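Enquirer: Here the protein sequences come in this chain order: U and C.
Everything in the first sequence is counted per the working numbering, starting at 3 for the first residue and increasing by one.
Everything in the second sequence is counted per the working numbering, starting at 10 for the first residue and increasing by one.
These are computed hints drawn from the structure, not numbers from a lab.
These numbers were taken from a predicted model, which means no experiment stands behind them.
Even glycine gets a Cβ: it sits at the ideal position worked out from N, Cα and C.
Hints should not be assumed to be uniformly reliable.
Covered stretches of chain U, as calculated for chain C (at least 3 residues, CB under 8 angstroms) [as the list claims (entries may be wrong)]:
hint	stretch
1	92 to 105
2	114 to 125
3	240 to 252
4	268 to 282
Residues from chain C that face chain U, not an exhaustive set, calculated with beta carbons under 10 angstroms [what the hints assert, rightly or not]:
hint	residue
5	186
6	209
7	557
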Amino acid sequence: MDRREFLKKCVIYGAATVGATLLRPVERILAAPSDTTVDLVAVMGGRPSELFDAGIAALGGMRSFVKPGQTVAIKPNISWSAPPERGATTNPELIRRIVEHCREAGAKRVYVFDNTISSWQACYRETGAEAAAKAAGAQMAPAHSTSYYHKAVIPGAKILKEALVHELMLEADVLINVPILKHHASTRMTAALKNLMGVVWDRQFYHYSGLSQCIAEFPLLRKPTLNVIDAYTVMTSGGPQGSSYRAALELRKMQILSVDIVAADAAASRILGHAPEDIQYIPIASDLRLGRKDLSNLRVQRITL
Amino acid sequence: MGITSKTEDPIDRGKGKPPIGWIRRILGMLILFLFAYGFLGWGALSKGLATLISRTQIGPSLLRILEEGIGSDAFIIVILILGSTVLFGRWYCAFLCPLGTIQQIASPRRMIRGGRLIQHPVWDDLIRYGLLGLVAALVTVTSIAGWSGSMVVLDLLDPYGLFGRILRDLFFPLIVFLNWLLFQVSRLFELIVPLLSYKPDLPVFFATLLLGGSWFVAARKRGRIYCGSFCPVGTVLGLGGRVSLFQIQMDGRECTRCGLCINTCPVGALNRGSSGEIHLEAGRCVLCMNCIEACPVGALRYGRRTEAARVASSEGASSTYIPSRREFLGKAARISKGLVAYVTLTVLGGVITYGLAPGRFLLKKRASSPSLQPNLPSTPPGSQGIHRFTSLCISCHLCVSHCPTGVLSPSLWEYGMKGLFQPVMDYQRGFCEYECTRCGEVCPTGAILPLSVEEKKTIQIGRVKFEQDRCVVVTQGTICGACAEVCPTHAVGMIPYRNNLDLPATDNALCIGCGSCEHACPVPQKAIFVEGLAVHGNAEVRKPLHSLPREPEKKGFPF
Numbered sequence: 003m004d005r006r007e008f009l010k011k012c013v014i015y016g017a018a019t020v021g022a023t024l025l026r027p028v029e030r031i032l033a034a035p036s037d038t039t040v041d042l043v044a045v046m047g048g049r050p051s052e053l054f055d056a057g058i059a060a061l062g063g064m065r066s067f068v069k070p071g072q073t074v075a076i077k078p079n080i081s082w083s084a085p086p087e088r089g090a091t092t093n094p095e096l097i098r099r100i101v102e103h104c105r106e107a108g109a110k111r112v113y114v115f116d117n118t119i120s121s122w123q124a125c126y127r128e129t130g131a132e133a134a135a136k137a138a139g140a141q142m143a144p145a146h147s148t149s150y151y152h153k154a155v156i157p158g159a160k161i162l163k164e165a166l167v168h169e170l171m172l173e174a175d176v177l178i179n180v181p182i183l184k185h186h187a188s189t190r191m192t193a194a195l196k197n198l199m200g201v202v203w204d205r206q207f208y209h210y211s212g213l214s215q216c217i218a219e220f221p222l223l224r225k226p227t228l229n230v231i232d233a234y235t236v237m238t239s240g241g242p243q244g245s246s247y248r249a250a251l252e253l254r255k256m257q258i259l260s261v262d263i264v265a266a267d268a269a270a271s272r273i274l275g276h277a278p279e280d281i282q283y284i285p286i287a288s289d290l291r292l293g294r295k296d297l298s299n300l301r302v303q304r305i306t307l
Numbered sequence: 010m011g012i013t014s015k016t017e018d019p020i021d022r023g024k025g026k027p028p029i030g031w032i033r034r035i036l037g038m039l040i041l042f043l044f045a046y047g048f049l050g051w052g053a054l055s056k057g058l059a060t061l062i063s064r065t066q067i068g069p070s071l072l073r074i075l076e077e078g079i080g081s082d083a084f085i086i087v088i089l090i091l092g093s094t095v096l097f098g099r100w101y102c103a104f105l106c107p108l109g110t111i112q113q114i115a116s117p118r119r120m121i122r123g124g125r126l127i128q129h130p131v132w133d134d135l136i137r138y139g140l141l142g143l144v145a146a147l148v149t150v151t152s153i154a155g156w157s158g159s160m161v162v163l164d165l166l167d168p169y170g171l172f173g174r175i176l177r178d179l180f181f182p183l184i185v186f187l188n189w190l191l192f193q194v195s196r197l198f199e200l201i202v203p204l205l206s207y208k209p210d211l212p213v214f215f216a217t218l219l220l221g222g223s224w225f226v227a228a229r230k231r232g233r234i235y236c237g238s239f240c241p242v243g244t245v246l247g248l249g250g251r252v253s254l255f256q257i258q259m260d261g262r263e264c265t266r267c268g269l270c271i272n273t274c275p276v277g278a279l280n281r282g283s284s285g286e287i288h289l290e291a292g293r294c295v296l297c298m299n300c301i302e303a304c305p306v307g308a309l310r311y312g313r314r315t316e317a318a319r320v321a322s323s324e325g326a327s328s329t330y331i332p333s334r335r336e337f338l339g340k341a342a343r344i345s346k347g348l349v350a351y352v353t354l355t356v357l358g359g360v361i362t363y364g365l366a367p368g369r370f371l372l373k374k375r376a377s378s379p380s381l382q383p384n385l386p387s388t389p390p391g392s393q394g395i396h397r398f399t400s401l402c403i404s405c406h407l408c409v410s411h412c413p414t415g416v417l418s419p420s421l422w423e424y425g426m427k428g429l430f431q432p433v434m435d436y437q438r439g440f441c442e443y444e445c446t447r448c449g450e451v452c453p454t455g456a457i458l459p460l461s462v463e464e465k466k467t468i469q470i471g472r473v474k475f476e477q478d479r480c481v482v483v484t485q486g487t488i489c490g491a492c493a494e495v496c497p498t499h500a501v502g503m504i505p506y507r508n509n510l511d512l513p514a515t516d517n518a519l520c521i522g523c524g525s526c527e528h529a530c531p532v533p534q535k536a537i538f539v540e541g542l543a544v545h546g547n548a549e550v551r552k553p554l555h556s557l558p559r560e561p562e563k564k565g566f567p568f
């Protein structure tokens, strides 16, 4: 590099820095703080991608959550080696659309990951998540070995005081929680709170030490930036796997979006025909001030396409 | 004049020969690599390769013939190999046998008394034919006894099985370590390198290290002593090699009796006769071509057997052999002794097989058995039951290498003496994936028969048992249901219990014995577990209550 080139670069970088500072207020206007306008968005009556387009627009667009250059981790529920039609795993069309929104918002890297129950490669492949993520420019991050997990202290937890947590949960700038709503044999319902069990290594500890309490305490570590509950095809019995004769599906064509993980689950419990209080971990999480379960006092925007 | 005399110099005659040894080296390494990729690689390519290449091996093919009859494609493979051995000698040992290639690599360049456990030819023959006889006797008795015996002697001696265990139990951990190093480096560049899943199994690791290591050390000192004195496959092929149409020829007129070839022969096929002449025992020769490369005068070459060589090879040194009455009687005596030995071995084999067969005495109950009463180990779907499985498995661990969840683990004592090293379903390590049929696809012996996914879902390899007193729902009063959550068939469901809790309930009509529940159960002393079935049964497959998604009863938002 000669002196001339050096000076040239100084000017370019200097101008860029000044430009960036000038741009900042504009960006702030674009990214209007979403939670001031609406607490929860419920959308119904379209394809999963259309539901998301409408829902995220109501929350001020993906730019409210993802800043240019950030790393985004998307946590769907792809725990079972099952085709999307079984309704056991997050709809791949939704995963793809979320990744596309993140990329448009300028995310540097987008990862999709889950600590699966069936063998991980089969799950990533058979659920359609891998194909969807790759098509939209995200990477599938492995989560099948303890080497990807780090010990984390959960502040304020009574039982789940520490856990081995996936590095993306700890390091990603933005975490988007994308569960599918299902009946669940253990907890009666799985959605946003329960989905975060898939970023932890030792799930048996949960079951052994008090499942509901552990599920409720985990977000004390970190709350997702955004929760998107896929309630397009809803498994109403025979969950969470849906491979037995007991499985039954309902075509609800819904989606719930909220920054508040407890509110999202409270709304989801209603779709399954429960009261939020019927699902043990929802009131516990509410008492831990992780969110609000009283839907009547929340600003809920309902959109029908 | 000077130039002519140089080319005629016998020392230079050996130079400029075709690189026949390199054909063996390249093919051997290629086969070795294909085996390594088939066992330890990934993807559909690895599975296809493993399925293909393991079927070229004699040991598993023989077992498959016993299972499928002579209509089996394994029969054609064995006939092709035996037939080509009669034509060309033990080419199988030269490069198709991966354990042979490893031993060849391990062999020193020069060795003394290589390839034979005992130098005395009679004793050495007694060992190798004796071992072959014992294997044959055990296999015969076991197959006559309707698959209730043991293949333990074959499992310990078969080269393919031993090679498979070396790959899976010794080399795979090394690959895992290299993969981990690559993973650590890749993180510096924010690249994604998936880690290999490996659950260490120290007893099996050390047992294989001891066995494989012993052969390696032996090969380092004395060449292919395993191939020369122990391998039952080699001994059988040696019978063909003795009379093969093509073999290594020794030209007695060219030979200077320097003995360089003797010291490079890894199987001890080259020996000095009483008057110092060197002769080749074609039945022992594994066609490694070391001697041809070593001979400074080019007295050795691979080619069509001459009459003189035929006589020499069958009778040692003398080329002026005249059959006599004495020779004939000697031969007859040897044959009758052989028959007596074979009958004795068959009886011995029968006794051993009978001793191993009942299983009640030697079949060890699951060591980590979670049940109150110790129970039987489970064998993979497609194996039809413990006795059939242990009688047909050659312990190559190819299924272990390909099992996606790691439930199929190498055993040491789980089946007792009769099933040393044979794979067992270990539900502490994993569970049998509902949609997976991989073990049956790759098994080369027919011990695990191939199944379609639909067939597999109907086979019961074990039965679920629930011990309520250990369940966290009862002991701690908290919700659980990890077992019901993972059960693919609803053989475990949840029924109402006190205090708004649900308790697991089992239905063995639906249970396939996959062990998902046992694997998931969070209690150290498992509250729910699988009891293996000695003979596999059938599970009911129920049609779904609702096959298609229904339209919801209530329209609109419920909140």
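Enquirer: Closer than 8 angstroms Cβ to Cβ for three or more residues is the test here. Does the stretch 114 to 125 of chain U pass it with chain C?
Expert: Answer holds; 5 residues pass the 8 angstroms Cβ test.
Enquirer: Count the residues of the stretch 92 to 105 of chain U with a beta-carbon closer than 8 angstroms to any beta-carbon of chain C: does the count reach three?
Expert: violated (count 0)
Enquirer: Would the hint on residue 557 of chain C stand, with a C-beta cut-off of 10 angstroms toward chain U?
Expert: 8 angstroms, holds
Enquirer: Within the stretch 240 to 252 of chain U, is the number of residues with a Cβ closer than 8 angstroms to a Cβ of chain C three or more?
Expert: holds (count 11)
Enquirer: Double-check residue 209 of chain C for me: the hint is only fine if its C-beta lies closer than 10 angstroms to a C-beta in chain U.
Expert: Check failed: Cβ of residue 209 of chain C comes no nearer than 13 angstroms to chain U, outside 10 angstroms.
Enquirer: Can you confirm whether chain C covers the stretch 268 to 282 of chain U, using C-beta to C-beta distances below 8 angstroms and requiring at least three such residues?
Expert: holds (count 6)
Enquirer: Should the hint that residue 186 of chain C touches chain U count as held when the rule is a Cβ pair under 10 angstroms?
Expert: Violated, because the Cβ-Cβ distance from residue 186 of chain C to chain U comes to roughly 12 angstroms (cut-off 10 angstroms).
The earlier numbered hints that this structure contradicts are 1, 5 and 6.
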